[in-house]
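Place chains B, C, D, E and F on chain A using the hints.
Chains as they are written, first to last, in full-length UniProt numbering: chain A, 1 to 239; chain B, 1 to 239; chain C, 1 to 239; chain D, 1 to 239; chain E, 1 to 239; chain F, 1 to 239.
In short, the hints are calculated from the structure, not lab data. It is possible that some hints are incorrect.
Each pair may be met inside one copy or between any two copies, as identical chains are not told apart.
To be verified - Mimicking DSSO-like on lysine-lysine, the simulated pairs with C-alpha atoms at most 30 Å apart in a straight line are:
(1) K151 <-> K80
(2) K168 <-> K22
(3) K80 <-> K168
(4) K147 <-> K106
(5) K82 <-> K147
(6) K168 <-> K147
(7) K22 <-> K82
(8) K168 <-> K106
(9) K106 <-> K46
(10) K82 <-> K151
(11) K22 <-> K147
(12) K106 <-> K151
(13) K147 <-> K46
6 protein chains.
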Amino acid sequence: MRAHGRQADQLRPISLEPGFSKHAEGSCFVRFGDTHVLCTASIDEKVPSWLRGQGRGWVTAEYGMLPRATHSRNDREAAKGKQTGRTQEIQRLIGRALRAAIDLEKLGEVSIKIDCDVIQADGGTRTASVTGAYVALYQAIEGLMNKGTLKENPIRTEVAAVSCGIVKGEALLDLDYTEDSSAGADANFVLTGTGQIVEIQGTAEGAPFSAEEFANLFALAQGGIARLTAYQRTALGLF
Amino acid sequence: MRAHGRQADQLRPISLEPGFSKHAEGSCFVRFGDTHVLCTASIDEKVPSWLRGQGRGWVTAEYGMLPRATHSRNDREAAKGKQTGRTQEIQRLIGRALRAAIDLEKLGEVSIKIDCDVIQADGGTRTASVTGAYVALYQAIEGLMNKGTLKENPIRTEVAAVSCGIVKGEALLDLDYTEDSSAGADANFVLTGTGQIVEIQGTAEGAPFSAEEFANLFALAQGGIARLTAYQRTALGLF
Amino acid sequence: MRAHGRQADQLRPISLEPGFSKHAEGSCFVRFGDTHVLCTASIDEKVPSWLRGQGRGWVTAEYGMLPRATHSRNDREAAKGKQTGRTQEIQRLIGRALRAAIDLEKLGEVSIKIDCDVIQADGGTRTASVTGAYVALYQAIEGLMNKGTLKENPIRTEVAAVSCGIVKGEALLDLDYTEDSSAGADANFVLTGTGQIVEIQGTAEGAPFSAEEFANLFALAQGGIARLTAYQRTALGLF
Amino acid sequence: MRAHGRQADQLRPISLEPGFSKHAEGSCFVRFGDTHVLCTASIDEKVPSWLRGQGRGWVTAEYGMLPRATHSRNDREAAKGKQTGRTQEIQRLIGRALRAAIDLEKLGEVSIKIDCDVIQADGGTRTASVTGAYVALYQAIEGLMNKGTLKENPIRTEVAAVSCGIVKGEALLDLDYTEDSSAGADANFVLTGTGQIVEIQGTAEGAPFSAEEFANLFALAQGGIARLTAYQRTALGLF
Amino acid sequence: MRAHGRQADQLRPISLEPGFSKHAEGSCFVRFGDTHVLCTASIDEKVPSWLRGQGRGWVTAEYGMLPRATHSRNDREAAKGKQTGRTQEIQRLIGRALRAAIDLEKLGEVSIKIDCDVIQADGGTRTASVTGAYVALYQAIEGLMNKGTLKENPIRTEVAAVSCGIVKGEALLDLDYTEDSSAGADANFVLTGTGQIVEIQGTAEGAPFSAEEFANLFALAQGGIARLTAYQRTALGLF
Amino acid sequence: MRAHGRQADQLRPISLEPGFSKHAEGSCFVRFGDTHVLCTASIDEKVPSWLRGQGRGWVTAEYGMLPRATHSRNDREAAKGKQTGRTQEIQRLIGRALRAAIDLEKLGEVSIKIDCDVIQADGGTRTASVTGAYVALYQAIEGLMNKGTLKENPIRTEVAAVSCGIVKGEALLDLDYTEDSSAGADANFVLTGTGQIVEIQGTAEGAPFSAEEFANLFALAQGGIARLTAYQRTALGLF
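For reference, chain A alone in the conformation it holds in the complex (with noise of 0.2 Å):
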């Protein structure tokens, strides 16, 4: 039995709030349960000197977790003086999944820099940071339509993702701490609206798993981010 008595096939209660700050050209203030992201998109009408003059924009994210967002407190990465692998690894995976969501030759040369920054934490944090971080862009994005910047809308595609486990042998939905502790599989799934794959990260946590396996997880993720698009586009007022 999960917590809360959700199903296997249940996402945790989601809640996305567009707007959240109020110096940003775009943000959102997302809930994947006690996971909360506050996410924030910066516009920089310039983009890196590596790619200037080639008329093309460019989009990139960065993420952190406060000290005190999980159980115990973690060390500040400002005051050791580094961000850890586990971090990299994850603003990389936000960056690339926001790049494939965008055309990045429509959007000229600007550009956009995604915070993620960890609030509470109870697993899930990098998917509820995809998840948020799609709308705190679009949001910059619509911002730049509506000044002019833009003429023609860059975003080719919606994305959101969402974490799946087997744990005690059940593949489940949107893992929350004490679940993916226990996972013996977990696989991140960042998908389209329409269910095409943007980013899969599996891993064995404990025994090697079958392509049968993986194929259950990926159903159940293709079924959240159909939810979790539709939450999107409702904090958008796309509906």
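This is chains B, C, D, E and F only, laid out in the frame that chain A set:
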């Protein structure tokens, strides 16, 4: 005329939410107008090695700001690999203020780390941090009392903080970002509820200022801090 | 037409030289075509402090690339003072893959550090690293068995890795640098000799891809890894 | 009774040697008793990039302490790879104090960097630094006037600094290390020669202190700084 | 008796393989017995900013050692985030030696970076590095001549390096690790093919040594380097 | 003609002030002409962990230069967050030279750290550092003898250092900055009072030089160091 018709001696709308964090032993989400800071207190039932075996505790603070808490984005300190001088100066101030509030002998060999993370900034982040940090610390201490770890309450005084400044010749309480940017002199006061001095930092941004002007700022701060202390007591259910 | 007339489901010329290093407890110089990696296994008969006293071992990996392993020179990470996110992502992948291959309880309180250093790069450095690292690890374990430090073999499965990708609409096995640069989708598979999943990382470089396309990549990987496992066995003298 | 029979309102023996350095554009070796600081001013005839083209100059400071300037050796900051929070706090204070003394518009697009290096420490290193740094800065400005680079003198006020504290209930001027270690309250004042406030930092080391006590410290500082300013003028040959 | 029956004035088996690297403009895999170093030369057709516009080129070197090149594993410098003093000392030596070999005016505004990476270490890594680096540099220069970028050959002298030491009272050429560990005095010589001095570093590991002993070491080095230079010429096809 | 009419074999004016520092166990302010270095010796009555329990002591050195010790200002290493290769090379040299002077067995489990901080630079900072460091070390050892911590004097030889170089074809002793900048060859010698070799570093800045030229430099150094050793003895009151 100040924003929202504020008087010179008036605080911005203040809100203190203790228990904001699911995981921390103490926490407070503090708002001074549009300045929002999450303060958490994390207890570690041992002390740093240089203090071991002396029967005394330790309280320290760390401060951070989300990259897009401000009007334009600041580089992430964790990504740059070091904390700015400003960050270090602020976290040292918060730590000293809290240590002045507590009898470290009575705390025993326990460390409490306060994290103050600015979610949104509009001036006065260090004073909001001190004010909220006191509430988080109080909550953590209360937990230790309830658990029986502490027999005697080590808190010896309430502390709160506020900034004051001289803007176009007028002494104002609790500056927002716009006021702060045009202040000729600027002072941060950490006082007890009865107006005793815990810490003062005053700086002439332009021309030096007189002892009389400083006295005016101090009087404003005493009035403001009496009210902040009342907010703290209310938030902690002490009335 | 692929370079050297390779078929879509064909590996590059593979070579695995165990015992390459004079000093290391295990080692393997692995070549996937023009990608050359030196893998060494170093045994430390104690475990990190967080694991002490639990009777379990630890296996971890580090990855590096000589500055001129690539077409144009990359800055030396030691000189820049930090490892890139890419490096950290790869070494975390290698470590997870090897830990999945081994029963850490049976290893006892022993640490094994695998170093994978890319001497020359032409695509697929992380998959060559995993494949060679397994051989180096096996050799180190064999040494511990021969010395009598280990009574029971802790290896529970063979692992090897290969990349696959969709290049101009066609699914290809074991991409070289040129193919990798033009792939629309790209996946790295770490599988057991019997095709079970240890780790999957798949990314749409351009348009999202379908579950069917993913299945094609997976099938190619299963074939390739069956052959890589055979190369590993041969190199280790297990046939 | 203070060391060497000093009265409560008496400075330690003060010595200011301008022109101490063979290479620097301005310099001063300052002694407050056994506290010895070498202050140098280095002119760079350009400004940081964020200030370029605005016709304004910049003055900034760096602070350091030789490892064995103190009773027991401190680790070398260059070897540890970072400056402590204390160092950063002090150098920010020195920089603000000097910028308050100078009209940056009149300085034009010139940067002056002041280095304050503590050769021997016995309390009050930051106040000795500010006092000596003003002399070094003055000398550098004088050189620019003599060369004709500057037409008009940009110095708008003299500044000097001193510490005061409450030791065993008594307010004392210019604390040495022993006094500082036992002070219940401690304040550093940067004032002009006429007693106007440039910067104040006051801290309760133990119990909070009252506005009256603060006023006593301030009065001591005004007297001390009037004398320090006289020493500065004498050293600069302005009498 | 030395290992493998070597005479006091005999080099270890030497091997120099130019063109080892697929990508680099020049390269040499050098073996002094069990000490193996990969040297690559990377050309950048511009110079560092401090040298721009002077018509002169620049040659510099970096040195690294794989973590398990040695008997027991050393921490990876990239992971620790800094290069040791030993590494920096060695790479500065290699750079100086190569710059002495080349007329930087004739090189024109071109930079050549030599990377020396120790794959396996058994004493004498810095002298093997200099000897192999010269070959890699020569090859890179030859390429620039062949392309017509250079009209005139900027190489003004051959350089090679060897270590000598006093072991149990006897002067020995080209120390291996075991000999080096027990040497009472130890010197590294970088000489031209005709025995002129490019660089000398001599150190008494135990008791100071005399000018006569030094002269003996120097004589051994002259003999050894004449032979190393012959190996270099042969490897470069210059005989 | 050298500055101040110096002969080729003449030292600059030398001054050695032992006991310069109020706090250090040993100290010496050394002047070689306009090159001024403060050397302090700090005793720690324990050894680094890798040396514990062996009954042997340790002597090590750190070197630094005030930012404006030189003609134009250098960045502060503590602010940049790392020591340059030059700094590390020099401090390693000083440490080796001092360890050669002392019997670490006789020192017992005691560490002595020598700090050499250049207050003003005019060439030869490393040789002045070694020469002054020996005096500071001697003083610290003398203190341990007087306290009875040491029964037997562990100093086995005097050491001093000087630079020599070939300037416009002439061999000169003790180069100042101007001479050093135009030297074709440059060597630093650390010798005992009787002219035995502790350390030699020689470099051809331009064309390689001959063994005869090297012998001339060595002879100059022997003469200079005999005189430096006499200065050391006088300063230590040993005549």
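Would you pick out the hints that fail for this structure and give their numbers low to high? 1, 3, 5, 6, 10
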